[in-house]
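Asks: Sequence:
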Amino acid sequence: MASHDFRANLASIAIFTLPVIVVKLTTAFLNNASPTQVLGSTVEPVSGSAVVSAAKAATWSDAQLAAARHIETLRAQPFGPTPLYHEVVQTPVDTTPPPVVVVPPRIKAYFVLNAVMSGDRGETALINLRPYRAGDQIADTGWVVESINSSRRTAVLREPATGETMNIKVQLPGAQSTEKPEPGTWKPAP
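Going left to right, the sequence shown walks through residues 17 to 206 as the numbering used here numbers them.
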């Protein structure tokens with residue numbers, strides 16, 4: 017009987033030769049099923065005069081001219097885009113200047129709160145000797161009466177265009193003088 021080493025060597029030879037025998041038998045049975053020829057065509061080169069202008073041809077080296085001709089032959093091929101060939105497409109640059117925003121000069125508003133009244137119809141403020149309620153626009157200034165507080169004798173005015181607010185207060189009789197009263201305190205919008 018054969019020894020154990022002999023059987024192991026015989027098994028390893030069989031394992032390695034069996035696939036080779038299977039491939040050889042398969043090709044013998046299917047001899048006509050596989051392609052035996054490869055068909056192809058050659059690339060026709062493009063003439064150098066159509067590729068490069070005369071100005072570039074005078075400054076480019078022979079290698080650069082050959083590369084430009086090769087690129088033109090690739091462009092004429094029927095295959096689709098490839099990641100190895102990237103053509104830079106220049107996007108048009110917007111040359112229109114940015115619009116100029118003209119801000120009208122700001123006229124400093126001057127308001128005096130003469131009196132504050134509270135009644136059945138709500139609170140009324142007498143500003144620059146004219147009556148206004150909350151939400152009313154003050155003359156031609158663009159300022160709006162935001163709120164009126166009769167207990168504190170104050171009114172809050174707001175300019176909608178800039179969002180600025182102004183707190184004005186009734187001047188007490190003893191505080192009045194020949195000078196103009198203080199126009200109120202300005203507070204920028206949050």
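Be aware that one or more of the hints could be misleading.
To be verified - Have a look at the derived ranges for each label pair, beta carbon to beta carbon:
#1 Gly138 <-> Gly158: 14 to 24 Å
#2 Val118 <-> Pro147: 27 to 37 Å
#3 Val105 <-> Phe32: 50 to 60 Å
#4 Thr178 <-> Met133: 27 to 37 Å
#5 Gln106 <-> Ser77: 44 to 54 Å
#6 Phe45 <-> His20: 55 to 65 Å
Read the hints as simulated data drawn from the structure, not as lab findings. In this text the structure is predicted, and so the values were computed from the model without any measurement. For each residue, glycine too, the CB sits at the ideal point set by N, CA and C.
Asks: Enumerate the violated hints, using their earlier numbering and listing them in ascending order.
Replies: As far as the earlier hints go, 5 and 6 are violated by this structure, in ascending order.
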